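Engineer: These are the residues of each chain, in order.
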Amino acid sequence: MTSAMRESAVRLAPLILLVALVVLVASAADFAPIILQRRVTQALIMLVGVVGLYVFAGNSGVFSFGNVGFMAIAAYVSALLTMDPGQKSVFLPELPKLLAEQHWPAPAGALAGGATAAAIGALVGFPLMRLSGISASIATFSILVVVYVGLGNWTSVTGGQNSVMGLPNYVGLWTATIWAVVAIAIAFAYQESRGGLLLRASREDEVAAKAAGVDIVRHRWIAFTLSAFLSGVSGVLLAHFLGTVRVETYYLDLTFLVIAMLVIGGAASLTGAVVGALAISLLTEALREAEAGFSIGGIRLAAPAGLGDSTLALLMLVIILYRPKGIAGGREIGFPSRSVSVAGRNDFPPPNPFSNHELE
Amino acid sequence: MREAAQVLVDAVSVGGLYALTALGIGMIFGVMRLVNFAHADLITFAGYAIVVFFAQSTMLAVVAAALAAIVLALITERVAFRPLRGANPETLLVSSFAVSFFLEKTLIMIVGARPKGVDFLPGLARQVDVAGVRLQLLHLMTIAMSLALLGGTTWLLRATRLGLEMRAAAENFRMAEALGVRANRVIAAAFAISGLLAGAVACMIVAQTGLVQPRMGLQLVVIAFVGTVIGGLGSLPGAAIGGFFVGLGSILAQALLPEALRPFREAFVFIAVALVLIVRPLGLFPSRSLRQRI
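So the protein lines, in turn, are chains B and E. Residue 264 in my numbering sits at position 264 of the first sequence, and the numbers go up by one each step. To convert, count from 1 in the second sequence and add 1000; that's my numbering.
Worth flagging that the hints you see were computed from the coordinates, not collected in a lab. Values in this document were obtained by computation on a predicted structure and should not be read as measured data. It cannot be assumed that every hint is accurate.
[What the hints assert, rightly or not] Some chain B residues near chain E, calculated using beta-carbon distances under 8 Å:
no., residue
1, Gly61
2, Ile120
3, Leu123
4, Val124
5, Gly133
6, Ala139
7, Gly150
8, Gly306
9, Leu307
10, Asp309
11, Ala313
12, Leu314
13, Ile320
14, Leu321
[As the list claims (entries may be wrong)] Examples of chain B residues toward chain E, derived with CB under 8 Å:
no., residue
15, Pro127
16, Leu128
17, Arg130
18, Ser135
19, Ser142
20, Val146
21, Val149
22, Asn153
23, Val157
24, Ser163
25, Tyr251
26, Leu254
27, Val263
28, Pro324
29, Ile327
Every residue, glycine too, gets a C-beta built ideally from N, C-alpha and C.
Work out the full structure: start from the sequences and follow the hints.
Structural biologist: Structure below.
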C-alpha cells in the first residue's frame, strides 16, 4: 500500500465503517422474523432523520428543533404526488385538481419531498441563520409550530388533523438501507468539504472563526438546507413505511426522539449520529417489550405504559450530566492502530512538536 | 366600538399571561443562561395541583398550585441544572428539553393523557358592566393579577438586596460571585420566583379553559419562548414586553383575520416574529451582557 492510498483509506475510514455497520445490521435483519425486520427498517429511517439533523446541528453547534417540521412537509408532498388518484378522491375530496391528478413513481415522490423541504429550509433559514446560537435554536422551534399549525388546518390539501391513508407502502428493509447509506455518504462528503470544515471551525470557536474570515451565516445556511433535505427524505420514508400520514406523528414526540438519539450518540460526530440512532432504537424496542410484558411461571409482569418515554428522557439527562459528548464522545470511528491521530482530530490535541516525526 | 373594547381587553389579558410566562423564563435565563423548557411543566403540575385541591377550597388550590410549581422548580434546579452550571447554553437548552419530557411523560404515566375538567373560580365567569361595555370579569382579574405580579417582580428586582444581586448576576455572573454574591442563593431565588409566576399563570389558565391536560403548559411556553426571543434574550423588560405582544398579536389576529385564515393565526404570529428578527437579529431590546466577548 502506498502512503497516499493509506492516507485516503484512513480519511475515509468513518464512511467505510459506518456504511459497513448499516449494511451488516440490514443483512442480519434480512434473516430475522418479519416483525423484527420492520423494527430494523424503522430504525434505519430514524437514522436518516438523525443524520439529517446532525448535518446542521452537529457541524454548526446550533441545535434545531425544526427538522421534524421538514419531515412533515416532505411526507405530505410525497403522499400527495404518489398516491393513487382514486384513493386521493376518497380521503381528500377537496384537493385541487392539479394535485389530485398526479401519480408519480415512488422515488420521484421522495426526491420531490426532500427538495420541497430543502427549498422551504433555504427560505426560512435565510432570516433565521442571522440569529446567534441560542436564539437561533429557539427560533427553529417556531418552524415546527408553524408547520404543525399550517398542515393541521389546511384541510383541503392535507386532510387536517385526520390521517391520510393508502400511501404506496414501498419502504421495506432495503429501501431504508439504501437511503441510510446515501444519507451517511452525503453527510460525510459535506463535513469533509471546505464549507463543512469552516462550519465546524465556527462551532469550536465562533469569534476566532469569524476573525479568520469564515462567513458563518452563509455556511450555516447551506448546512441547514442540506439538513432539511435529508430530514425531508426520512419523513417521506416514515410515511410510506407506515402507509399513513398524520400531522400529530410529526410533532414533539418525534422531535424529542430524534434529538435524544443525536445527543445520546454524540452530536459532534457522524459516528455519534449513526450509533445513537441504532442504540436508542434497540433500547426503545427493549422497553416496548417490557411494556408489553412477559410471563414468568404463569405470573404476568408488565411495566407501566409510558415507561419507555420516561426512561428515554432520563437516560438523555444522565448522558448530558455524565457524558456530555455522548457515546461517541465527538470522535469518528476509525481503523485501529495507526489511524488514531486522524480519527481523533476533532479533539484538537495540543500541538506536539514530535508528532510529524512519528507519522513519518 | 364595544366589540373592539371587548376584544382589546381579551387580548390584553392573554398578553398578560404570556408576559408572565416569558418573564419566568427570562428570569432563569438571566442568572444562568438556561432556556427552561421545563417551565411548561411547572405550569402543568400547578394545574394538576388545582385539580387535587379545588373541591376543598379555592384558597387551598391557589396555594397548592403555587407551592407545587415552586417546589418542582427548586427540585429541577437542584437535581438537573445545578450540576450543569456553566455549561454552554445549547447543552442547557437540550437538558431542559429532556427534563420537560421526563416530567411530562412521568405525569402521563401516573394520571393518564386525557384532559380533566375543573370548575375552578366559577364566580369569575360572569360579565360586568364597565362604562357601558360588558366585559368578562375573569379577563379583568387576569389583567389585574398580571400587573400586580409584574409590579411585584419589578419591585423585588429594583428595591431589594436580593434583586440587586440577581441583576448583578445577570450582568456578569463571575464578577458578581467574586464580589460576594452567593450563586446558589441567587439561582434558587430565581427558580422560586419563576415557579411562583408559573403557579399564577396556571390558576388563570385553568379558570379560563376549565381544563387540565399534560400538554397545557407546553402550548403557552412555546409561544412565550418566541416572546423572549423577540424581546431580546437576557433582558427582563424585553421578555415581558415581547411575551405581551406575542399574546396580544395572537388574539388580535384571531379577531382581525378573515374567517378562512383564522385557524392559521399562530402561524401568522410566528411569521411576524421571523420578520422582526430579520430587522433586529438580537431582538427588540438586546441585552448588553449577552454579546460574546473574548
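Engineer: Decide, hint by hint, whether the structure agrees.
Structural biologist: Status of the hints after comparison with the structure:
With 8 Å as the threshold, the beta carbon of glycine 61/B comes within range of chain E, its nearest partner Cβ sitting at about 7 Å, so the hint holds. With a least beta-carbon distance of about 12 Å to chain E, the hint placing isoleucine 120/B at the interface is violated under the 8 Å criterion. Because the smallest distance between the Cβ of leucine 123/B and any Cβ of chain E comes to about 10 Å, over 8 Å, the interface hint for this residue is violated. The restraint placing valine 124/B at the interface with chain E holds, with a minimum CB-CB distance near 7 Å, inside the 8 Å limit.
The closest approach between the C-beta of glycine 133/B and any C-beta of chain E is roughly 6 Å, which is under the 8 Å cut-off, so the hint is satisfied. Here the hint on alanine 139/B is kept, as its CB sits about 6 Å from the closest CB of chain E, short of 8 Å. Hint status for glycine 150/B: holds, given a least beta-carbon distance of 5 Å to chain E, under 8 Å. Satisfaction of the interface hint for glycine 306/B is found here, the shortest Cβ-Cβ separation to chain E being roughly 4 Å, below the 8 Å cut-off.
The closest approach between the C-beta of leucine 307/B and any C-beta of chain E is roughly 7 Å, which is under the 8 Å cut-off, so the hint is satisfied. Evaluation of the aspartate 309/B hint against chain E yields a held restraint, the C-beta minimum of about 4 Å falling below 8 Å. Here the hint on alanine 313/B is kept, as its CB sits about 4 Å from the closest CB of chain E, short of 8 Å. Contact between leucine 314/B and chain E, as hinted, is supported at the beta carbon level, the nearest pair being about 6 Å apart and thus within 8 Å.
Of the supplied interface hints, the one on isoleucine 320/B holds, with its beta-carbon coming within about 5 Å of a beta-carbon of chain E, less than 8 Å. Because the smallest distance between the Cβ of leucine 321/B and any Cβ of chain E comes to about 5 Å, under 8 Å, the interface hint for this residue holds. Annotation: interface hint on proline 127/B holds; nearest CB of chain E at approximately 4 Å, less than 8 Å. With a least beta-carbon distance of about 7 Å to chain E, the hint placing leucine 128/B at the interface is held under the 8 Å criterion.
Contact between arginine 130/B and chain E, as hinted, is supported at the beta carbon level, the nearest pair being about 5 Å apart and thus within 8 Å. Satisfaction of the interface hint for serine 135/B is found here, the shortest Cβ-Cβ separation to chain E being roughly 5 Å, below the 8 Å cut-off. Hint status for serine 142/B relative to chain E: holds, with the closest Cβ pair at about 4 Å, below 8 Å. Because the closest C-beta pair between valine 146/B and chain E is about 5 Å apart, less than 8 Å, the hint holds.
The beta carbon of valine 149/B is positioned within 8 Å of a beta carbon in chain E (closest approach about 5 Å), and the interface hint is therefore held. With 8 Å as the threshold, the beta carbon of asparagine 153/B comes within range of chain E, its nearest partner Cβ sitting at about 4 Å, so the hint holds. The beta carbon of valine 157/B comes no nearer than 13 Å to any beta carbon in chain E, farther than 8 Å, and the hint placing it at the interface is violated. Here the hint on serine 163/B is broken, as its CB sits about 18 Å from the closest CB of chain E, past 8 Å.
For tyrosine 251/B, the shortest C-beta to C-beta distance to chain E is roughly 10 Å, which exceeds 8 Å, and the interface hint is violated. About 12 Å separates the beta-carbon of leucine 254/B from the nearest beta-carbon of chain E, more than 8 Å, and the hint is not met. With a cut of 8 Å, the hint placing valine 263/B at the interface with chain E holds, because the nearest CB-to-CB distance is about 6 Å. Against a cut-off of 8 Å between C-beta atoms, the interface hint on proline 324/B holds, since the closest Cβ of chain E lies about 6 Å away.
Because the closest C-beta pair between isoleucine 327/B and chain E is about 15 Å apart, greater than 8 Å, the hint is violated.
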